[in-house]
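Asks: Build the full structure now, drawing on both the sequences and the hints.
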Amino acid sequence: MNFFQKVGIGRSRSAKSAKERLQLVLIHDRAGISPGKLETLKDELINVISRHIEIETEAVEITLTKERDQHRLVADIPLAPIRKRRHTIS
Amino acid sequence: MSAKIVTITSGKGGVGKTTATANIGVALASTGERVVCIDADIGLRNLDVIMGLENRIVYDFVDVVEGRCKLRQAMIRDKRLDTLFLIPAAQTRDKTAVSPKDMVRLTNELRQEYDWVLIDSPAGIERGFRNAIAPADLVLIITNPEVSAVRDADRIIGLIEAEEKGPGKLILNRVKPEMVRRGDMLGTEDVLDVLAIELIGIVPEDESVIVATNQGVPVAMDANSKAGRAFHDIAHRLKGEDVPFADLGGGDGFFGRISRMMRAGGES
Ligand SMILES: Nc1ncnc2c1ncn2[C@@H]1O[C@H](COP(=O)(O)OP(=O)(O)OP(=O)(O)O)[C@@H](O)[C@H]1O
Ligand SMILES: [Mg+2]
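Chains A and B, in that order, give the protein sequences. Taking the working numbering, the leading residue of the first sequence gets 1, the next gets one more, and so forth. Taking the working numbering, the leading residue of the second sequence gets 1001, the next gets one more, and so forth.
Derived by calculation from the structure, the hints in this document are not laboratory data. Careful: at least some of the hints might be erroneous.
[Unchecked claim] Pairs of lysine to aspartate or glutamate residues, derived as EDC-like cross-links and limited to a Cα-Cα distance of at most 20 angstroms, are as follows:
id, chain 1, residue 1, chain 2, residue 2
1, A, 16, B, 1193
2, A, 19, B, 1189
3, B, 1070, B, 1102
4, B, 1165, A, 69
5, B, 1079, B, 1054
6, A, 16, B, 1189
7, A, 16, B, 1184
8, B, 1004, B, 1082
[What the hints assert, rightly or not] Stretch by stretch, here's where chain A covers chain B in the computed footprint (C-beta under 8 angstroms, at least three residues):
id, region
9, 1148-1155
10, 1181-1188
Glycine is no exception: its CB is placed at the ideal position from the N, C-alpha and C atoms.
Replies: Structure below.
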């Protein structure tokens, strides 16, 4: 397998990846927030929330979605297992 | 009768704004409509050579704005189609020589006597673009089936809505049906899925466009070329006629669905 095959260039159906990449980049463009800024936002969010409740910081996911005309910032923030939390907080 | 002012813009450069302006102008004029094409790409004048009128320029748009001549004096009549006119851009000035207000004022002067004013916008989203869309009744956004061009088109669609010039209509240019068929080029359906805008034309990649450019005879002068036909279709749709879209590799997707819908509608 050469370099081009590995990265998928030359393989057919590249239109599909074009469309997927476009959809992703447009979500960020339209919402006016770059993937990098979203990372910063995520780190700050983790900091704030951790002050109040213990969370699984590694598993936190912040995503931008669009349903019909509504852009949405979706945060999935799993809490640390209950046993662990009892030990550390309260 | 009052002219409709249509601006052709794209964000990204080189996607076919000037080609489209010249050819839609030719197509409209060939049905007897009175058309004025304005080159708003000041400093990078090109509509004159695409239309083949470069040797007849005396005055340009900036001369009119700065009062060195009357609007009428800057208009060049096409000898092949006597209802088609060009107002060329200045070549040695820049976009700041004209303001959005100038554009509105001067195009308003044309409204009474013409049916269409087509404005060829420069690339970008700065002053030149703002000048070009200021007087528009309708904005046509032209793009190519490529990630970067479609992304820029999306940005333009947003800006046009913010300026209350929307909703625009989309021209998809340089489509290669063969590549779309084998899944290596975004098809019309794909582009419309991500852009959410009404389609007004699909123009295939066509070598005749380059031949036409070489000769200064827009492809639409010959309605038999593939691209020429596509520009005539756009002109008819602008006039409010219902022209079906040709299948350019959309396969059974977009066009199949439309024709099925029409068939279903016809039977019920
Ligand atoms: N359908 C087509 N088939 C083949 N070539 C085309 C087609 N449309 C445009 N071109 C070519 O693409 C090039 C760019 O076209 P054009 O000058 O119209 O773009 P533009 O958007 O006005 O560019 P700019 O942003 O520099 O003003 C030209 O060489 C033109 O001949
Ligand atoms: Mg141009």
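Asks: I'd like to know which numbered hints this structure contradicts. Please list them from smallest to largest.
Replies: none
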